Every structure is written in structure tokens, then in C-alpha cells.
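From just these sequences and the hints, can you work out the full model?
Protein chains: 4
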Amino acid sequence: MLKGAFSSLDDYSAPFRRFGALRLVRYLVLAIGLMAMAALTEPNLRAAAGLWLNLLLWCCLVYFAVETAMGINAARRQGKAWQHLLSLSGIVELFAVFPVPIALACGTPPETAWLFASLWVLKLAQNSPGFAQLGRVFVLEAKPLASVLVLFLIVLFLASAAMHVVERNEQPSAFGTLPSSLWWAVVTLTTTGYGDVVPRTALGRLLGAGVMICGIATFGLWTGILATGFAAERRRRNFIETWDVVSKVPFFQSLDPSAITEITHMLRRVEVPERTAVIRRGRVGDCMYFIAAGEVEVDVMPTPVRLGEGAFFGELALLGDMIRTANVSTTKASTLLVLDLADFRTLMAHHSELARAIDAEAQRRLGDIQRRRELHLHGGIAPA
Amino acid sequence: MLKGAFSSLDDYSAPFRRFGALRLVRYLVLAIGLMAMAALTEPNLRAAAGLWLNLLLWCCLVYFAVETAMGINAARRQGKAWQHLLSLSGIVELFAVFPVPIALACGTPPETAWLFASLWVLKLAQNSPGFAQLGRVFVLEAKPLASVLVLFLIVLFLASAAMHVVERNEQPSAFGTLPSSLWWAVVTLTTTGYGDVVPRTALGRLLGAGVMICGIATFGLWTGILATGFAAERRRRNFIETWDVVSKVPFFQSLDPSAITEITHMLRRVEVPERTAVIRRGRVGDCMYFIAAGEVEVDVMPTPVRLGEGAFFGELALLGDMIRTANVSTTKASTLLVLDLADFRTLMAHHSELARAIDAEAQRRLGDIQRRRELHLHGGIAPA
Amino acid sequence: MLKGAFSSLDDYSAPFRRFGALRLVRYLVLAIGLMAMAALTEPNLRAAAGLWLNLLLWCCLVYFAVETAMGINAARRQGKAWQHLLSLSGIVELFAVFPVPIALACGTPPETAWLFASLWVLKLAQNSPGFAQLGRVFVLEAKPLASVLVLFLIVLFLASAAMHVVERNEQPSAFGTLPSSLWWAVVTLTTTGYGDVVPRTALGRLLGAGVMICGIATFGLWTGILATGFAAERRRRNFIETWDVVSKVPFFQSLDPSAITEITHMLRRVEVPERTAVIRRGRVGDCMYFIAAGEVEVDVMPTPVRLGEGAFFGELALLGDMIRTANVSTTKASTLLVLDLADFRTLMAHHSELARAIDAEAQRRLGDIQRRRELHLHGGIAPA
Amino acid sequence: MLKGAFSSLDDYSAPFRRFGALRLVRYLVLAIGLMAMAALTEPNLRAAAGLWLNLLLWCCLVYFAVETAMGINAARRQGKAWQHLLSLSGIVELFAVFPVPIALACGTPPETAWLFASLWVLKLAQNSPGFAQLGRVFVLEAKPLASVLVLFLIVLFLASAAMHVVERNEQPSAFGTLPSSLWWAVVTLTTTGYGDVVPRTALGRLLGAGVMICGIATFGLWTGILATGFAAERRRRNFIETWDVVSKVPFFQSLDPSAITEITHMLRRVEVPERTAVIRRGRVGDCMYFIAAGEVEVDVMPTPVRLGEGAFFGELALLGDMIRTANVSTTKASTLLVLDLADFRTLMAHHSELARAIDAEAQRRLGDIQRRRELHLHGGIAPA
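Chains A, B, C and D supply the protein sequences, listed in that same order. The working numbering runs 7 ahead of the 1-based position in the first sequence. The working numbering runs 7 ahead of the 1-based position in the second sequence. The working numbering runs 7 ahead of the 1-based position in the third sequence. The working numbering runs 7 ahead of the 1-based position in the fourth sequence.
Just so you know, the hints here were simulated from the structure itself, not pulled from any lab data. Don't take each hint at face value.
[As the list claims (entries may be wrong)] Over the 10 Å line for every Cβ pair with chain C, so calculated as not near, a few chain A residues: (1) CYS113; (2) ARG175; (3) LEU262; (4) ASP306; (5) LEU325; (6) ARG331; (7) ARG371; (8) ARG379.
[To be verified] In silico DSS-like pairs for lysine-lysine, Cα to Cα no more than 27 Å straight-line: (9) B:LYS150 x A:LYS339; (10) C:LYS339 x B:LYS150; (11) B:LYS255 x B:LYS339; (12) B:LYS150 x A:LYS150; (13) C:LYS255 x D:LYS150; (14) A:LYS255 x B:LYS255; (15) B:LYS339 x C:LYS150; (16) B:LYS255 x C:LYS150; (17) D:LYS150 x C:LYS339; (18) D:LYS339 x C:LYS150; (19) A:LYS255 x A:LYS339; (20) C:LYS339 x C:LYS255; (21) A:LYS150 x D:LYS150; (22) D:LYS339 x D:LYS255; (23) D:LYS339 x A:LYS150; (24) A:LYS150 x D:LYS255.
Note that the structure is predicted; figures quoted are calculated from it, not measured. Glycine included, C-beta positions come from ideal geometry on N, C-alpha and C.
And the structure:
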């Protein structure tokens with residue numbers, strides 16, 4: 008059944024719930040604003056509800072203006088006002104606020120002026136995770152990507168000049184000039200293929216087939232370069248994200264630096280908001296967790312146990328039959344380090360001292376669970 | 008010739024033959040149901056054979072209802088009825104059964120009500136292998152994928168606003184409103200390129216070319232991220248699938264944990280149904296097998312030899328001239344661990360004790376084959 | 008300049024020149040046959056030169072028939088006639104010969120019967136290198152690829168049912184029936200986008216945008232899976248291709264098995280036909296060569312030196328300033344093992360005994376070159 | 008905010024500023040020439056400003072002729088005139104100069120003759136970095152790529168023959184002949200999808216759907232192969248680029264060859280022009296730098312410190328809290344080796360002698376900064 012297959016996803020859904028309320032409001036305002044702007048360009052809607060749409064847009068603008076002002080103010084208090092304004096984030100905020108009023112002041116008709124509100128969509132990029140990562144991939148692979156672009160340009164120009172010669176007599180309106188021929192070449196090389204301009208002669212079609220195949224080859228190279236770059240960047244980013252947290256977990260501090268490096272490559276950092284279930288009893292488990300910051304509660308009988316920074320949990324399933332034995336949830340926002348089963352096995356195999364420590368703790372816990380259950384059954388309560 | 012090249016595929020075709028009869032019936036019912044539903048929307052067919060199509064659809068529905076009822080019953084007996092209903096598999100089953108009767112009860116005309124039968128296609132996902140894997144890739148790479156989507160949205164909005172300004176006077180019906188301009192942008196950014204809405208001004212075409220190239224860049228990033236994520240997930244999944252089987256093979260138990268981890272990464276788990284040929288004499292062989300569960304029969308002269316759990320076979324070809332020396336087939340459904348030639352060499356090089364054990368067994372077998380042949384030729388039969 | 012950049016390609020162009028004459032003839036016949044077949048479907052050409060085209064096609068057919076007969080004969084002499092006929096190669100050969108005569112015998116008009124000649128194109132696959140590799144990728148990744156296909160089918164069916172409901176009143180001819188709606192969904196999901204069927208309502212366009220984005224996501228997964236599978240298969244294939252050659256080079260035989268495994272992963276096997284330049288003096292060199300089979304000639308002054316199996320060359324450039332010091336070409340068809348600079352450095356660093364051996368040989372050669380030059384200048388000739 | 012995320016990009020933007028003035032002029036001439044050529048094909052512009060456009064084109068031609076002559080002259084002085092002319096770079100230069108005059112001399116009308124000026128676009132490839140890299144990927148993966156092309160051809164031919172049979176009666180003009188059917192197959196297999204030729208029968212559409220899915224499968228394989236090939240080539244290229252620089256840094260020379268090889272794989276070579284900021288105080292830093300050639304200035308109080316070849320900088324942020332403590336900029340064009348945080352940690356863990364050396368230097372610098380500050384505060388100036 009799908010159930011078993013998907014249950015492990017459950018352990019990873021936590022990041023989706025970490026959406027702050029303020030951010031939600033911003034995205035709501037953004038969505039409403041963009042929809043109002045789009046609606047304003049529809050003549051029917053403008054006639055029917057133009058006033059209300061304008062009002063809505065002004066409200067959104069005011070919201071963004073207030074947000075921007077607060078941002079600048081906060082930066083000013085830290086003495087970084089200029090730095091903030093010149094940063095990408097600051098520029099995005101200014102772009103969201105000023106163009107529309109300036110355009111209106113210049114006498115642009117409102118329906119055109121409000122089109123500048125489409126710049127609001129840049130707000131999405133402001134706090135979006137991973138943008139820097141994508142940027143770095145493009146920068147690190149700049150040389151080969153530039154080569155692919157050059158290849159693209161060369162094929163583009165030669166193909167359109169050749170097509171112009173071949174088809175200009177047959178279709179003067181479509182291939183009569185080089186610029187229109189270039190348009191065909193771009194549409195074909197990117198495999199978009201609108202079909203508004205299509206070769207009709209046999210030679211033109213042969214040339215067209217060649218251009219399409221070149222397009223796919225170029226595209227494949229492009230994707231291959233980005234895939235390679237992204238794989239390297241992903242590994243690097245994961246290490247950096249994990250490293251500073253790993254070094255704070257006491258459990259790892261007894262290890263030599265080489266082992267810590269190895270572990271850092273294996274762990275994945277996950278931020279979990281408060282009161283979120285991390286592990287559910289009875290589910291199939293394929294990872295264990297280290298607590299880098301925060302606290303979790305394990306609901307063992309009769310009283311739940313709390314684990315704080317530096318502790319680990321979820322190892323019982325990995326050492327036993329893969330079935331989770333207890334519910335675990337966070338009591339406050341926590342940073343967890345996830346260790347997958349495959350890496351857990353490798354780690355245990357390479358570092359016997361770690362294996363012994365985890366094993367000992369697991370034995371202690373199993374004994375503890377056993378004793379607690381017995382006490383619970385006999386009505387007594389353990390002192391610790 | 009192609010023959011030699013493809014012969015090694017033969018060793019891997021086994022998984023395709025493991026299709027249970029019950030599952031086959033379900034897929035047949037599914038195919039018939041979907042085809043009947045599609046046929047019902049054709050006016051001619053509806054007029055000619057509407058009654059029969061309706062009957063066919065009701066039969067399929069009843070089949071799925073019975074299947075669902077049995078599924079719930081089975082879960083109820085294990086005391087997991089609710090858990091089953093709330094799982095993805097349970098929801099899919101309910102979606103397959105209820106929407107059509109409910110729609111009919113609400114008075115929807117039958118040809119519309121039966122369209123809900125398209126939900127039956129979800130049944131395909133129920134037992135499809137690897138769905139969890141794909142899901143995990145999306146979840147683990149959620150951050151960069153979200154960034155790419157945001158990039159997509161930003162380009163989409165800015166491009167359509169710009170295009171609206173550039174082309175609205177030239178083509179009021181196509182780019183006159185922002186929503187229609189957005190439609191063009193989506194069609195172009197995904198390189199679908201219907202061609203129903205196409206820029207005609209020089210500036211519009213330049214902008215269009217830019218959007219197409221952005222589309223390809225975004226798409227390349229998207230593919231790169233998924234490729235990276237999938238590679239990591241594949242490695243992890245293979246380890247987990249193999250690990251619990253490896254630890255049961257006695258042959259590996261003498262190894263230290265570090266070596267077991269190394270081997271687990273090299274092995275690939277394959278389920279083979281009963282009476283299936285695994286190795287064919289005279290073919291080129293590039294892997295050896297360990298039996299994790301089940302039994303195989305090696306047809307050496309004069310009496311076949313049976314190998315059970317923990318045994319291995321196929322190593323003679325790897326140690327010799329790559330030609331298989333005997334047919335091997337399963338006698339019951341078996342779980343085999345496949346070790347490719349490249350990994351076999353690496354393993355032999357790193358673990359001399361393993362190399363010696365496999366070598367000794369291979370020598371023993373070669374001697375055995377030799378002795379058996381001689382006995383066979385001289386009419387005698389070996390006692391063992 | 009581009010010159011320097013491309014010069015190293017030169018070392019790799021050899022495989023392209025290894026095209027046997029017989030194979031060239033076959034491909035020529037194939038090309039002529041396919042073109043004649045295509046020409047026969049053009050009414051004008053058929054009227055003008057039908058007889059000649061028919062004759063040409065019969066000639067091609069006879070050629071393939073002779074080839075097939077020879078192939079069967081050769082197999083029969085080895086007692087493998089049936090095995091040959093049932094192999095992929097044999098089936099392809101039969102498909103090339105029989106369908107056309109059978110169709111003609113059945114009374115099909117010649118222009119339709121000759122269309123079966125398009126099966127001749129399968130001949131391309133017969134000796135094409137790497138087909139087995141691609142096949143293995145699909146087989147090994149069968150599970151996740153099947154999941155992607157299932158995902159594709161689910162989106163396809165649900166999208167077309169939804170689109171049918173949304174657009175059937177607006178465009179009865181395009182979305183009036185589910186099959187025609189399915190056609191739209193396929194064209195859109197694969198991002199082909201003919202544009203013959205396009206949603207026109209706002210809701211339909213929103214749905215269409217969703218389908219396009221799903222299409223790209225599915226496609227990205229598909230590509231990611233194939234990329235991952237291919238990377239694994241490539242590494243494996245390279246090891247297998249190289250291994251049996253490496254073990255025959257005496258130079259490596261002194262190494263322990265672990266080192267041989269390491270080296271095997273680094274080397275790349277290249278087949279070079281006779282009288283082909285492998286190294287050109289003055290070019291930038293970034294690899295060295297080991298001779299697994301065959302012989303090369305190094306044209307040092309005054310008399311060229313011949314190197315046979317087990318020898319190596321090209322190491323002077325790697326140890327020195329990267330400029331090739333002499334021309335090297337094969338005297339007969341040879342199998343070379345290429346070691347790239349990066350791997351050369353790693354190898355030298357890890358295996359000091361190898362480093363010493365290569366270094367000693369390089370010193371000896373440099374001294375030899377020096378001595379020969381001096382002797383040449385003084386008119387004397389060295390005894391060796 | 009985005010600011011923090013993007014700030015580290017800053018360290019990588021240097022390569023973009025390294026554009027020589029001469030090269031800029033060439034690209035300017037190239038752009039003007041190509042635009043003039045395109046303008047010449049527009050009847051309106053030709054009528055209005057044909058003379059001026061012709062003049063512009065002649066100027067560009069003369070510029071390229073002079074460039075070519077200078078190139079040949081420079082090569083001749085090195086005695087490599089023929090080698091230069093026969094190199095790719097030389098051929099490109101000749102193609103840029105001769106075709107137009109020859110065409111004009113042959114009596115071709117000027118607007119057609121000038122189309123040969125589109126060959127100028129090849130000039131882009133002349134000095135473009137990474138072209139050799141892309142070429143090598145295609146050459147090294149030639150076998151599997153050829154297989155994909157063969158697969159493409161087979162599907163193409165069989166699909167178009169089948170489509171011809173299925174649709175020739177329905178649409179004689181579109182599918183009546185095999186060549187036109189081939190055109191449809193190419194457009195569909197590459198997922199270009201013009202829509203000028205579209206199947207209309209049910210069987211034709213089913214076949215078309217199959218062809219589209221085959222197209223995506225083929226394309227995925229193609230991309231996968233290129234991605235794999237590029238990853239290997241990237242790693243190799245990086246090693247070669249870095250190796251000769253690493254061996255010149257005195258700091259690494261005390262290490263054993265195995266460690267040097269390891270480090271070489273970790274470092275990335277970056278060329279920085281003179282007077283360029285490498286590190287900005289207060290930014291988040293995630294890498295350190297080794298100076299392979301050139302000189303940098305660290306602006307510590309009261310007098311800046313200059314670091315020359317073999318020195319390193321930026322390690323304080325990695326050892327401390329990741330915040331850069333000083334501005335660093337180059338005083339002349341320099342070659343730097345970048346070591347990312349992840350690799351820095353790994354290196355420190357594996358090579359304790361390196362860790363100690365870097366740590367000692369960091370301590371010395373911190374003490375130095377402290378002492379300098381104190382002296383500055385007390386008005387004294389340190390003698391060194």
C-alpha cells in the first residue's frame with residue numbers, strides 16, 4: 008500500500024509548517040495586489056469595479072511602503088541604512104514602492120502606471136531560501152554556460168542567414184528579412200515552435216530539422232552543466248549549514264576532526280517549529296535525530312521524557328526492526344540533525360566508539376522503558 | 008552483433024515477470040473502465056452502445072467497490088480500519104468508488120457523472136514501486152525547487168507586463184489584458200509554444216526571445232536539481248533495500264562492519280519468481296549472485312545441484328573467461344543480491360579473506376564439475 | 008587562440024577513423040535505399056523515374072538478402088544458426104529482407120509495400136556501439152521510470168477530464184469528447200504544443216498552465232533518473248572494458264590488486280587503427296598512453312623507436328612542460344590505455360613504486376634522446 | 008534579507024571584470040557589423056540608408072582583415088604561419104574576411120553577398136573559454152551519443168512511414184509523401200511542435216502521442232549522457248588548471264604528493280585583475296585564498312600590509328565567526344586559489360601539520376592586529 012511508502016515523508020514535512028504569520032500576510036497582500044492589477048487591465052472589470060480595484064492597489068502600496076519604512080528604520084538603528092538601501096533586498100523594496108507614484112505624477116494614465124506594480128513580484132525573491140545557491144551555480148559555471156550561449160548565438164545567426172536565402176522567395180513575408188528569419192531561428196532553437204513562421208521548401212525543412220537537433224544538443228549541454236554545478240553547490244551548502252551546528256553537539260566533541268568532517272557530510276539540518284510531531288509510533292523509521300538546539304518530548308509511559316540540546320533519539324528503530332516505538336514532538340522551536348539509515352550504518356561501522364556510545368544509550372533506554380512499564384503496571388513511580 | 012551486447016540484459020528481465028495475477032486483473036478492469044468512460048463521451052458511440060458502456064462502467068465500479076470493501080475489512084481485522092481509510096491508499100480507494108454514485112444521486116447527467124471515473128487512474132499509483140522515492144526527491148530538494156518556481160513566477164509576471172505594454176496596440180485581442188498576456192508568457196516560458204498568441208512587433212519578438220531563453224535556463228536548473236536529488240535518493244534507497252538482506256547472508260557475517268557497509272553499497276537486490284532462468288550457459292556474464300532467500304538449481308552433469316540461502320553462484324565466469332558454464336534457475340521465489348564485475352574486482356582487491364573464500368569455493372566447484380563429468384563418462388555416479 | 012584549445016581533441020579523433028570499408032558500403036546502401044523509398048512516395052518522382060527507383064530498391068534488397076544469407080551461413084558453420092536467427096541481430100536482418108516481398112506477393116500496391124523498407128533503418132542499430140549500455144540504463148532504472156510514466160498517465164487523465172468539462176461548451180469540436188481532450192493533454196504535457204487545440208476560457212487556460220508546469224516537472228524527473236542511471240552505467244562499463252586489458256600490461260602486474268582496481272577506474276581504453284598519429288610534436292599534451300596491444304613508432308632522431316605491448320609513452324610531456332617532444336603513430340591496429348593528467352598525478356602520489364618506475368624510464372629516454380642527437384650530429388649511429 | 012545571501016557572490020564577480028579593451032572593441036565591431044548586415048536585408052532601411060550601412064559593413068570587414076593580417080604576421084614571425092592558417096582560429100579568421108569580397112566579385116547582388124558576413128559570428132568562438140571543454144564532452148561521450156542519434160533516426164523513420172500510411176488519405180497534402188511525413192516526425196520528436204502538420208485521425212493521434220513520449224525519452228537520455236560527461240570533464244579540467252599553480256605555492260611544498268593531489272582537487276583557480284576588492288570587511292565569508300601569483304593589500308590599521316606569492320589570507324573568518332575582519336584588494340593582476348569552507352574543514356581535519364601552520368599564522372596575525380591597534384591608539388608606529 009502507499010501508506011507505508013509515504014509515511015517516512017512525514018518526518019520531513021515539518022519545514023513546510025514553519026511559515027511565520029507576518030510572512031503569510033505579506034504573501035496575501037502580494038497575491039491580492041497582483042490580481043487587482045491584472046483585473047484593472049480588463050476593460051469590463053475596470054468599468055464595473057475600477058474604483059474598488061484602485062483602492063485595493065493603493066492599500067497594497069501603502070502596506071509595502073510601511074514595510075519598507077520599517078525595514079529602513081531597523082537598518083538605520085543599526086547604523087546600516089545605506090548598506091540596506093544598496094543591498095538587493097533594499098532595492099527590491101524601493102522598486103515596490105516608488106515606480107507607481109512616480110509614473111502617476113508624470114501623467115501616465117493609471118492603468119499603465121499600475122503595471123509597474125508587477126515589480127511587487129520581486130518581493131517573492133526577498134526571503135526565498137536557496138536563491139543564493141542558484142546564483143552561485145550560475146557564477147561558478149559561468150565559463151561553460153557562456154560557451155553554450157556562444158554556441159547558441161552562432162547556430163542562431165548561421166541558421167537564420169541560411170534560411171533567409173533558402174526561403175525568401177517562397178515566403179517573403181516570413182523569411183524576407185534577416186530579423187524575421189532570426190525570430191524563426193530563436194523559436195525553433197529553443198524548441199518552442201510557435202508555428203507562425205515555418206519553412207515550406209524541402210531544403211528549408213532539412214535545415215529546420217538540423218536547427219531543432221542543434222537546439223536539443225545545446226539544451227542538453229546547458230542542463231548538464233547546471234546539474235553538475237548544482238550537485239557540487241548542494242554538497243558544499245549542506246556542509247556549511249550543518250558544520251556550525253555539529254560542533255555544538257557534545258556527543259560529537261569527543262571525536263577527532265577527521266570524523267567530525269565525515270559526520271558533517273552525512274547530517275542534514277532541519278528546523279522544526281514548536282509542538283510539531285517528529286516521530287510517530289508505529290511508523291516505519293529510517294533515520295535518527297540529534298538535537299542541536301531546542302527540546303523534544305518523548306511520550307513514554309507513565310511520564311514523558313524531555314531531551315535537550317546534545318541528546319539524540321530515534322536510534323532504537325534503526326538498531327531494531329525499523330518500527331518507531333514512541334511519539335516524539337518538539338516542545339519549542341528546535342534545530343535537529345537528521346542521520347539517514349544508510350549513513351548511520353556507515354558511521355557505526357567506521358567509528359566503533361560512537362557505535363558503543365549509541366548502543367549503550369539505546370540499551371539504557373530500552374531497560375528504562377521496560378522498568379517504567381513494570382512500575383506503571385504495579386502502580387509505582389520511578390524517582391528519576 | 009547485437010546479440011552479445013543484449014545478452015546481459017537477460018539477467019535483469021526477471022523483475023518484469025513478477026506481476027501477480029490479481030494485479031493484472033485490476034489493471035485490466037482499470038483499462039476497460041477508462042476506455043468505456045472515454046467512449047461514453049463520443050456522441051456516436053453513446054447513441055450506438057450507450058447501454059453497454061454504462062453496464063461495463065457499473066461492472067468496473069462494482070469491482071472497485073468490492074476491492075475497497077475487502078481492503079477495509081482486512082485492515083479492520085488488524086484493528087487499523089481508520090488508519091487505512093486515512094492513508095493515501097485508502098483515500099484513493101474511496102475516490103474510486105464514491106464520486107460517481109454521489110454525482111448521479113445529485114442529478115448530474117450520467118455522461119458528466121461518469122467523468123469522475125477518471126479518478127480510477129489514481130489506482131495506478133497505489134502499488135507502483137518507487138513513488139515514495141520520487142516524493143522524497145521533491146521533499147528533500149523543496150528549497151531549491153521553490154526558488155526555481157519563484158524565479159519562474161518573477162519572469163512570468165515581468166515578461167507579461169512588459170509584453171502587454173509593447174503589443175497591446177498591435178494585437179488588442181491577444182495582449183490587450185494582463186491575464187491574456189500571462190497566458191502567452193506561460194506558454195512561452197515552458198517552451199510549449201502553441202502559437203495561438205505570438206508577438207508581432209520587433210520589440211515584442213526581442214522580448215519573446217529573452218523569455219524563451221529564460222525558460223530554458225529555468226528548466227535546466229529544475230532538471231539539474233531533480234537529477235542531483237535523485238542521485239542521492241537512489242544511493243540511499245539501494246543501501247536500505249540491500250542492508251537487511253546482506254546481514255542475513257552467512258558468507259558476509261565474518262566481515263567487520265566497515266566491510267559490510269562497503270559491500271552493501273555495491274550490491275543490488277533483485278527479486279526473482281520461481282522457475283526463472285537467472286543464468287544461461289554460453290552467455291557472457293558480468294555479475295555474480297548471492298542468495299539472500301530462496302533456492303536455485305544449477306544444472307551440472309549428471310545431477311543438478313541445489314544452492315540455498317547464503318550460497319553464491321556465477322563467480323566462475325568472473326574469475327575465468329566471462330562465459331557462463333551452466334544454466335541456473337530458481338526453484339522457488341528468491342531474493343538475490345547482484346554483484347557487478349567492477350564491484351567484484353574492487354571487493355576482491357580490498358578484502359583478501361573474501362577473495363580467498365570465493366576462490367576456494369570456485370576451485371572446489373571446478374574440481375567437482377570435472378569429477379562429475381568423468382564419473383558421468385565412466386558410467387559411475389558420485390555418492391554426494 | 009582556439010588552436011591550443013582544440014589540439015588535445017586530436018588525441019581522441021582516432022575512434023572516428025576506425026570505420027571498416029564493408030560497414031561503409033552497408034551504410035551507403037542503406038542511405039540510398041531509404042532515399043529511394045522516400046522518393047517513390049512523391050507522385051512527381053514516381054511518374055518520372057518510378058522504374059529506376061524500383062530497380063534501385065530491388066538492388067538494395069538483394070544486397071541485404073545476400074548479407075543476411077552470409078550471416079546465417081557463418082552462424083550455421085559455428086552450429087549457431089537458430090541462435091543467430093532468434094537473436095536481435097538476426098530478427099533485424101529478417102525484417103529487412105522479407106516484409107517487402109511478402110507484401111508484394113499479397114497484392115499490396117508497390118508504393119505501399121516498399122514502405123516496409125523503412126525497417127531497413129533498424130540495421131543502424133545492429134552494430135551501433137553503446138546500445139546495450141542505453142538498454143541497461145532503462146532496465147536498471149525501470150522502477151522509477153515506471154513511476155514517472157504512471158505520474159504522467161495520472162496527470163494526463165485527470166487534466167483531460169477536467170478540460171473536457173471546462174471547455175466542451177466553448178469548443179465542442181476540440182474538447183467535446185474525452186479522446187480529443189486527451190490529445191490536447193498529451194500535446195501539452197510533453198511541451199510539444201502544436202496549437203491545433205488550445206484552451207480559450209480563463210479557467211481552461213489556468214488549467215493548461217498547470218498541466219504545462221506538471222509536464223516540465225515530470226520531464227525533469229525523467230531526465231534526472233536517466234542521468235543518474237547513465238552515470239552509474241558509464242563507470243561500470245568503463246571498468247569492464249578496461250579491466251581485461253589492464254591485467255595484460257606487464258607494467259601493472261607488480262602492483263597489488265587494490266592498486267590495479269584503482270588504476271582500472273582511471274584508464275580509458277581507446278582502439279586506434281594502423282598508421283594513425285596518436286601524438287603530434289609541439290602540441291599541448293594532457294595524457295599518457297599504455298600499449299595494451301599493437302605497436303607504435305616514436306620518430307626520434309636519427310632512427311625511429313618502436314614500442315610494443317606493455318610499453319608506455321607520452322609521459323615526458325606530463326613530467327615536463329606539457330609540450331609533446333615527438334610524433335608517435337601506430338604501426339598496426341592497437342589498443343591503448345589513456346591516463347589523463349589529473350589521474351596521472353593522483354597515481355604518482357599514491358603509488359611511489361609506479362612513480363619511480365615511470366620516472367626512471369623517462370630519465371633513460373631523455374638521456375637516450377640526448378645521446379642519439381649527439382651521435383646524429385657527429386655522424387655516428389648508436390648500436391641499439 | 009537577500010543581502011546576506013548574495014554577498015558571497017561578490018567574491019566571484021572578479022572574473023567578469025577581466026575583459027581586455029582590445030577584445031571589447033572586437034565584440035563592438037562584431038555587434039555593429041551583424042546589426043548592419045541584418046538592417047541591410049530590410050527593404051525600407053536599405054532604401055533609406057543603404058549607402059551608410061554598406062560603408063559600415065566595409066569598415067567592419069577592413070577591421071577584421073587588419074586583425075587577420077596582424078594575426079598571420081605574428082604567427083609568421085614565430086615561423087608558424089601555415090600552422091596558424093590551418094588551425095581552427097585561422098580558418099575562422101579567413102572565413103570572416105574572404106567570402107564577401109569573393110561573392111561580390113562573382114557578381115552576387117550586394118544584399119546576398121553581405122549575408123556571408125554572418126560568418127563573423129564565428130569570431131565569438133575564437134577566444135571563448137570552455138569551448139574545448141564542451142568539445143571534449145562530445146568526443147568522450149561520442150559512442151553513447153551516437154547511439155541516441157541512431158535511436159532518434161530509427162523512431163523518426165518508422166514513425167513517419169507509419170504516419171504516412173495512417174494519414175495519407177485524410178490529409179494528402181500534409182502526409183501524402185514520406186518526406187513531408189518525416190518533417191512532421193522531426194518537428195514532433197524534438198517536441199518543437201510547430202502545428203503546421205498535425206495528425207487528425209484517432210490512430211494518427213495515438214501514434215503521435217507515442218512519438219512525443221519517445222522524443223522525451225530520447226531527449227532525457229541525451230541530457231543524461233551530456234551531464235555525466237560534463238561532470239567528469241569539469242573535475243578533470245579543474246585539476247589541470249589548478250595543479251601547475253598549486254605546485255608553485257611554497258606553503259604546500261612541505262606536503263607529501265598524496266596530500267597535494269587531494270588539495271588540488273579542492274582548490275579553484277581565480278584570476279583577479281589589479282585593484283579589485285577580493286574581501287570586504289563585515290561581509291560573511293565562506294572561503295580562504297592562497298596567492299599563486301601577484302600581490303594583495305590588507306588594509307589593517309594603521310598601515311596596510313602587503314602579501315605576495317605563496318601567502319594566504321581570509322582564514323581568520325573561517326577560524327572565527329565567519330565575518331571578514333578587513334578589506335583585501337589586489338595591487339596587481341593576481342592568480343588566487345580559493346578554498347571553500349567545507350574543503351577547508353576537511354583539509355584541516357586530514358592534515359594536522361597544515362592545520363597547525365595556518366593556526367599559528369592566524370594567531371600571529373591576530374596578535375599583530377591587536378598590537379598595531381594599540382600602537383595606533385598610543386600614537387606609536389611599529390618598526391616592521
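task = Just pull the numbers of the violated hints for me, sorted ascending.
result = Hint check: 10, 14 and 18 fail, others pass.
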